[in-house]
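Starting from the structure of chain D, add chain F where the hints point.
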Amino acid sequence: MLVLALRSIRTRPGRFLATLLSAFLGAALVMAFNSLHDTAGQPGVDDVSTETLTTTASVVGGYGTLLVFFAVASTLTVNVRQRSAELELLRCSGATPGQIKRMVVGEAVVVALVGTVLALGPAVLGGRALLGAFRDSGQVARSVAPAFGPVALLSGIGVTLLASAGAAFLAVRRATRRDVRRGRGRTVLAYGALVAGALSAASTYAFSATDSALMAAPAYGAILLSVGCALLAPRLLGRLLGALPLGGASGWLAVRNLRRRVDELSGILMSLVLFTAISAATVTMQSVESDAVAASGLRKSVEAKNLETLNLTVVGVIAVFVCVMLVNSLYAATTYRGSEFGRQRLAGATPGQVLGTVGVESAVLTVVGVLLGTVAALAGIVPFTMVRTDGTLPGQALGIWLAVCAVAAAVTLGTSLGTARRVLRTPAIGAVAAAV
Amino acid sequence: MLRTPSRRTHDAGPAAEALRLVKVTKTHGSGDGAVTALDGITLSLARGTFTAVMGPSGSGKSTLLQCAAGLDRPDSGIVLVDGTELTGSGEAELTRFRRNRVGFVFQQYNLLDTLTVAQNTVLPLRLAGRRVDRNRAREVLTAVGLGDRLGQLPGRLSGGQRQRVAIARALVTEPRVIFADEPTGALDTRSAREVLRLLQGAVRVHGRTVVMVTHDPVAASYADTVLFLADGRLAGRLPAPTADAVAERLAHLGDDVPAGV
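Top line first, the protein sequences correspond to chains D and F.
According to this note's numbering, the first sequence is numbered sequentially starting from 1.
According to this note's numbering, the second sequence is numbered sequentially starting from 437.
One chain only, chain D, in its complex shape (with noise of 0.2 Å):
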């Protein structure tokens, strides 16, 4: 089954592509950060540097790594959940429930280690990047060398296998049983999340204002609560549908797939609730950060912006990350629906109607998805702001959530829309053949 997961790999790279990008930005993204362990880890460093690099590391670094782990299995999800009829053909000539499972998870298994070994080249020079960006600032002595070693490895492989592997195999588990009953591991699950989410939250009322790792904790439980939320989207999706006044052919029938899609869309989703809460709550909580450093008057000014653009920096390298993904699972899900969208097409739609389709769906996903992502966001910005300062929500929060706000629905609504209009250029009945 392995020979047959590789061989099917190489007829059609192209259907990976959207996994192996998760994979390949996941791992560079854990292994740039993790090396930072590898660095500080070597003889010789002074203590400053030391705590620089570690506290960086472990806190950017920690989330960052939980945020790859569920950004990777949300893709893969989606990837196994559009190849249902595949996997059906599969067992119709006689593969078994084992064998259909051990060629999903070993073609994931394979995507993320091709992944994670294309991720080292730019892994090493975004250690390097960092590390050189903490020299400049200060932060670092100029005499600690980069390094890369088996902190950086281990994790980035780790994060990526785990993540491939796990979701794959719970994918599978899905599509290959006939009859699923559904959402219950989902619910427990989604749950759970939201438990350790708002624990996490709550628990950074137990730092105090100056520690260094504050920022930890409400990152980790934005994440979890923004994994939960997704989750259980579905749900909300579906009670806000029957409340929507949507007018028109095309309003008619986004209501219509909608509905019947909410599973599916619940990886878009998670996209979508993760990106606007870790954007919203991670740049929030670094301009509180940096004032409330400016504040104490401790460094000098220049030093504090220096700091505080180079923070701001590691943040947004996580937000564009994210908003990476979001593009990634948004453009894997339009291209699957061709055929759907030509059995709209032979039943009367003209090309703008699907495109008017399309686009009504995405503005209500955009909505759901911003509306929990700035939950999940305030669940984490809040208590790092009271625990900080004296207030509660900083003053530029609005600005930033506007600004996080206008990206995710640019995005969201560009990607679906510039994909489905590529998709749109096949003759509707090559576009219902293709599935068939």
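To be clear, the hints were calculated from the coordinates, so they are not data collected in a lab.
Hints may be right or wrong, so weigh each one.
[As the list claims (entries may be wrong)] A few chain F residues that don't get close to chain D, going by computed Cβ distances all over 10 Å:
no.	residue
1	467
2	479
3	550
4	551
5	565
6	578
7	581
8	605
9	633
10	660
[What the hints assert, rightly or not] Each pair of labels, with its calculated beta carbon distance range:
no.	chain 1	residue 1	chain 2	residue 2	range
11	D	248	F	578	25 to 31 Å
12	F	578	D	187	36 to 42 Å
13	F	584	D	94	35 to 41 Å
14	D	248	F	669	44 to 50 Å
15	D	425	F	478	30 to 36 Å
16	F	461	D	422	27 to 33 Å
[Stated by the list, open to error] Calculated from the model, a selection of chain D residues having no Cβ within reach of chain F, i.e. all distances over 10 Å:
no.	residue
17	143
18	185
19	253
We put the beta carbon where it would ideally sit given N, CA and C, even for glycine.
Using the frame of chain D, we list chain F on its own:
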């Protein structure tokens, strides 16, 4: 743009000629790999007729159907549906043209999985911005024997039932011509018979025009006339066909169906 030669609008009533093709040519691919699918086809089908198009694989029958239905554009030649010329323009315009004049039935049903039986049936009306009457869906679905399945999803239906939904969907807009591409290709004989009777009924009772591509002589025998196609050209015409006569004629076209079945 769509030219209406006789200045006659769609609602003024159907033309006597439901479908007309003049010297229609279509080539797939280019250079050495080019295959002439249609080689100057000229034909005319009167309103209220049931025509089967037959021929061996690769004879161009599916291409003929797609060109006639406005799903594909011929390289040259003229296609007139219900007296109106179908000219090369954007997909949106072709879609609007098809909506009011053409209905489709495909081998693979092409229903939308996310919509119920009733919603699938009235989808063409909704897309055309026409009034959607719940009773209309019930009426059409009852006519195809699915009046009790309005709220079900296509995934829960048998192949024959799905194809009957597809026929209901094709009939709901009251099109001038219904194109059916191997409508019984994926069905068992009993379901196939039901589907063919429904198509026959659309012609005899409601006066629609049906053009059906098939390679099953039994399916073709339900039609009023069979047109044979070979290498992209018309190769014969058989009125009032029987399955045996069709099979024999096919054998002479060089098909691998044995003679005297």
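TODO: Hint by hint, work out which the structure violates, then give me just those numbers in ascending order.
DONE: Hints 3, 4, 5, 8, 19 are the ones this structure does not satisfy, whereas the remaining hints hold.
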